[in-house]
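S.K.: These protein sequence lines map, in sequence, to chains R and W. Sequential numbering from 346 applies to the first sequence in my numbering. Sequential numbering from 679 applies to the second sequence in my numbering.
Honestly, the hints are just simulated from the structure, not real lab data. A couple of the hints might just be wrong.
[To be verified] Simulated pairs of lysine-lysine, BS3-like, Cα-Cα distance not exceeding 30 Å: (1) W:Lys748 / W:Lys731; (2) R:Lys415 / W:Lys783; (3) W:Lys809 / W:Lys783; (4) W:Lys748 / W:Lys783; (5) R:Lys415 / W:Lys830; (6) W:Lys830 / W:Lys748; (7) W:Lys748 / R:Lys415; (8) W:Lys842 / W:Lys809; (9) W:Lys809 / W:Lys748.
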Amino acid sequence: MSELLTFMQLGFRHITNLQAMDHILFLLALAAIYRPRDWRNALWVVTAFTVGHSITLALAVTGAMVLPIKLIEFLIPVTIVATCIENLIVRDRATAPLRGRYRPIFAAVFGLVHGAGFADYLRNLFADHIAVPLFGFNVGIELGQIVVLIFAAAFLLAADWTIRHVRASLAAPSALRVRVVLVSAVVMVIATRWAIERNPW
Amino acid sequence: MRFRALVAALSALVIARPLEAHPLHTSLADITYDAATREMRVSVRVFIDDFTKASTAYAAARASAARAAKLPVSNESPLLMYARASLIVAGRDGRPLSLASCGGKRVGDLMWICFHTPAAADLSGYRVLDKILFDLYADQINIVQASYGGRKVSLLYTRGEGFKHLE
Chain R
346 MSELLTFMQL GFRHITNLQA MDHILFLLAL AAIYRPRDWR NALWVVTAFT
396 VGHSITLALA VTGAMVLPIK LIEFLIPVTI VATCIENLIV RDRATAPLRG
446 RYRPIFAAVF GLVHGAGFAD YLRNLFADHI AVPLFGFNVG IELGQIVVLI
496 FAAAFLLAAD WTIRHVRASL AAPSALRVRV VLVSAVVMVI ATRWAIERNP
546 W
Chain W
679 MRFRALVAAL SALVIARPLE AHPLHTSLAD ITYDAATREM RVSVRVFIDD
729 FTKASTAYAA ARASAARAAK LPVSNESPLL MYARASLIVA GRDGRPLSLA
779 SCGGKRVGDL MWICFHTPAA ADLSGYRVLD KILFDLYADQ INIVQASYGG
829 RKVSLLYTRG EGFKHLE
């Protein structure tokens, strides 16, 4: 197997690993507010996240930026909690500040934090020949992200279908709002627990 | 709605424990051929905290088994004993090579361990198994990079995989 393919596999497996869920839950929280017809908005947000984590991954791995890993490991669940809080607070995107168009910036900034999280391990291991591992790992991360988002979309559609059927006879908030609240609440509790466990102070 | 959100949040608390956050569990082994000494050199880089934990547990289990069988307990360094048991290089005939230590050092959070053994210049056909830390993490991924005869070969190992050939 080529070196590039090996590191693509490493990145792909890292992000799709079901036993370690922080990046998966972050993507799920980001995607929780979108419906199929909002795919353009979702694409902007995910692209911004990708740009963010690619920038810090490259800067941190090449040594251009040194980040305290304990703080980064704490900040990763904090970004998940913040995303969930934003999901819960903003009930109507149409009346939100900037009509909710700040979300890609938000995702890019949080992407910077997640990229720094990957970087420390790569920099330590591949200090003397980083270019191919870095590129391959990042491509693998992107491919893994696409797979995670496809599964997240399927999960959210299934959640919508279930909510609609359970609440069909009730005058209730929209299925989308119920889904956003349930998914965000669950993810937020999990991430809060991680943040407490990783508290660097 | 609020009640259901509360139920969902409480359920999340229950399931949060088995869901773990996300360090990258990986190690790197470099295999090169040194023409001057006609030896293969194997350099392993692994995160020292995990490696120490796994080595200590492995050495304790070996010592316990030796005592139960009334055999002498090895006084070899647990780190070397574990590394040798976990990273196996076999020749073309399938027999594991005896890897001698050529030292180790700590570099930041990593342990670098070096082994050497006589080998043919062309390593193609040799077989490698790298199961370092598979006993500690189900998501451990080990990478072996071998350089010989102007070629560079990368092998990737996940838990449960067996020997792979250098081609």
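S.K.: For W:Lys830 and W:Lys748, compute the direct alpha-carbon distance and say whether it is at most 30 Å.
M.R.: 46 Å, violated
S.K.: Is the Cα-Cα distance between R:Lys415 and W:Lys830 30 Å or less?
M.R.: Measuring from Cα to Cα gives roughly 35 Å; hence the hint is violated.
S.K.: Below or equal to 30 Å on CA atoms is what counts here, so check W:Lys809 against W:Lys748.
M.R.: 28 Å, holds
S.K.: Taking 30 Å as the top limit, are the C-alpha atoms of W:Lys748 and W:Lys783 close enough?
M.R.: 34 Å, violated
S.K.: Are the Cα positions of R:Lys415 and W:Lys783 separated by 30 Å at most?
M.R.: Satisfied, since the Cα-Cα distance of roughly 24 Å is no more than 30 Å.
S.K.: Quickly compare the C-alpha distance for W:Lys748 and W:Lys731 to 30 Å and report which way the hint goes.
M.R.: 26 Å, holds
S.K.: W:Lys748 and R:Lys415: Cα distance at most 30 Å?
M.R.: Distance of about 46 Å is beyond 30 Å: violated.
S.K.: Would the pair W:Lys809 and W:Lys783 pass a check requiring their Cα atoms to be no farther apart than 30 Å?
M.R.: 21 Å, holds
S.K.: For the pair we were handed, W:Lys842 and W:Lys809, check the Cα-Cα distance against 30 Å.
M.R.: 12 Å, holds
Violated hints, in rising order: 4, 5, 6, 7; the structure is consistent with all others.
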